[in-house]
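S.K.: Chains as they are written, first to last, in this note's numbering: chain A, 493 to 728; chain B, 33 to 521.
Check the hints yourself; a few may be wrong.
Derived CB-CB ranges, DEER-like [said to hold, decoys possible]: (1) B:H39 - A:P615: 38 to 48 Å; (2) B:G382 - A:Y662: 49 to 59 Å; (3) B:G382 - A:D575: 51 to 61 Å.
These aren't lab readings, by the way, just hints derived from the structure by calculation.
Ideal placement from N, C-alpha and C gives every residue a C-beta, glycine not left out.
So you can see what is in the structure, the chains are spelled out below.
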Amino acid sequence: MPRLDCRSKLIFFFSIMTLTFICKDFWCILILLAIAFATVAIKGASLVSKSLKMILPMIIVAFVVWSLLHNWSLFQYGGTGLDWQLGSFMATRLFTILMISNGFLATVKPGELMKGLSLFGVPYGVVFITGLAFRHIYTVADDYHAIKEALSSRGLEFDKGSLIKRIKNYTFVLTPLLVKSIENAEKLVLAMKLKIFSLDKKRRNGERLGPLDILLMTTSLVMLSIAILHYWVGVI
Amino acid sequence: METLDNHGLKAVALGCKYDREWIFKDLTFFVKPREALGIVGPSGSGKTTLAYCLTGIIPKNLKGEVTGGVYVDGKNILELDDKERYKIVNVVLQNYEVQIFGLTVEEDLLFVLDNLELNEKEAEKRLELALECFGLKEYRNYQVNELSGGLRQKLALASTLLMQPKYLVMDDPMANLDWRGIVELRRTLQMLKESGHGLVIMSRRLKGLEPVIDKTIVLGQKLAQQGIPDEAMDESHLTFIKDDPVIKFENVWFKYAKRMVLKGINLSIDRGQCVVLMGPNGSGKTTLAKHINGLLKPSSGRVLVLGKDTKTHGPAQMARHVGFVFQDPDRHITQESVWDEVIFGAKNLGLSYSYAEMALEALGLNHRKNEPPYRLSMGERIRLSIAGILAMNPEILILDEPTTGQDEETLSIISSMLIRMKAEGKTVLVITHDSDFALKIGDRITVIYDGNVVADGQPKRILFDRNLLEEFGLEPPSHLLIQYAKEAS
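Make a model of the complete structure from these sequences and hints.
M.R.: And the structure:
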């Protein structure tokens, strides 16, 4: 997976995510779950166990809710009833979606995502701004942690007291964070000017796709087409 | 007087004012290709504004009234369009984070090459050359957030140089560098000079860059005192109250992101001592200090502060005893007035405001107590952050890099305040790269290297040991540098 081209990775993840929403058979979902597990496992067993620890409580809640309250909605009461089969299916589907998302985050770097989008013809302005957002998430996160550390060193409690008090204490983080972000944004604009940035620059061509990329892309798209024809159009 | 012909970057009677207030005026100087000009001045002396004027950012992109002129190779800089101007004279900003646009090293360099609209062959050639020259080849596919601060700074410099500006202005390039970083920067500057660039380097001090600087001008206040005050050479003043240690590290290990940052630290600090923590960037100094006020908890071992195990006490609880002054004051200003900002910590802890009054007075901010904090100069904001900590009357005070970007007035106020605190029996811990400052205020220097305490003792013994300085990349005191220069000549 790490050696694959960003375009084939994007198509692969787009296909299996869409398939998870389209498929209505339990066994199909299980196969997709196995694929999702494999993509996470590429990055090591520790990531699998970390993902499971994070996801399992949600899956249990989803299973119970779908099994017991499947006749309920936000606006109406639909009587009672148990549907363990539906509960299992929906919980497995959610599990698959979350594992695919983890696999995507583990194997596709933000740079690859940007490059992929650009090569698929997404306008440069959109790709650039998205990339910039990815890049500066770390700066904002660093600032946030540093501000929180500085404030807790001045006696401000973030994890004690009533909920209202905690929320109020978190608002103190906002002022310096906002000031720093505005300051950084101003400098960023200046730095763009210094590097004679323009939105109408030429787009770079991607490298040639390897045989493995072509195989993965073809398989993904064929599977997706079959699923659409089977579940939506009803011809297969 | 030297003649300039038409070649060079020249400022003629240059002045700049914002809101009727002069930042500087009547500055005349020039720099030729293969020459480096050092511009020295404290924070707030107008270095950044001057950098903006030299590159035409003021008045072309930012507001400001400019008098006099800037000429590059005989042409008035304001007559050139942005694209042409930045290809001839460009600036590396102090905040290098905002100058990096790519998610990886290669992407960031390609961002500039794409903007220049070079053909692929030429772009590839320049990319390879930049990676090679700046030692970034092995980091080519690294995510920017995986790089150390030093490498990010190098990347910002490399990407600016891809534009091949004839003249390069650098705004405080040494701000976050340790001694080894400064030595590396010196080599880079030498390489740039040899390849024909004209350089303007702006900084609070130029220590370590002297061999490459051809001439220097001073902005604003008087120059930093280069050298050690006599009292620092006399160690008879190094007396402190000896009783049970107020801070005790017992075999402390700390792991962060799979990396062992502290490796079995054993350290005791007595009441009334001023200990200076030194060591290269990333050696674990700040991590160690954050264990004292409970911001970080040891992975194994324990830290006792005034007999309390910091594992069971959070930073807010420890704030009653330990005051921590962080590097960037703008990261903790939350209030609308100077007074509210100073009493913020005392208010959180339910303490009286009596020490707040005293802290404002001691740090020379009493006359500005009703003003908004963001209206203060950088030096004043740093003093404000210290006043906010002193208002809590902590028994232990920690200062992280208090000399970075400081003006002399603030430095001298901080030094006197630390000496007074020691006299009152308070314990002080200072993290700094500045060896002259360490000699001035320290009773003891502890050197941290790769998560270990590798040297610990009296300042003079540590900072005049040449082998030790070299082995652990510490900044030599000015006295020693003068001695090196004499020996070399």
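S.K.: Going through the numbered hints above, which ones does this structure break? Give me the numbers in ascending order.
M.R.: 2
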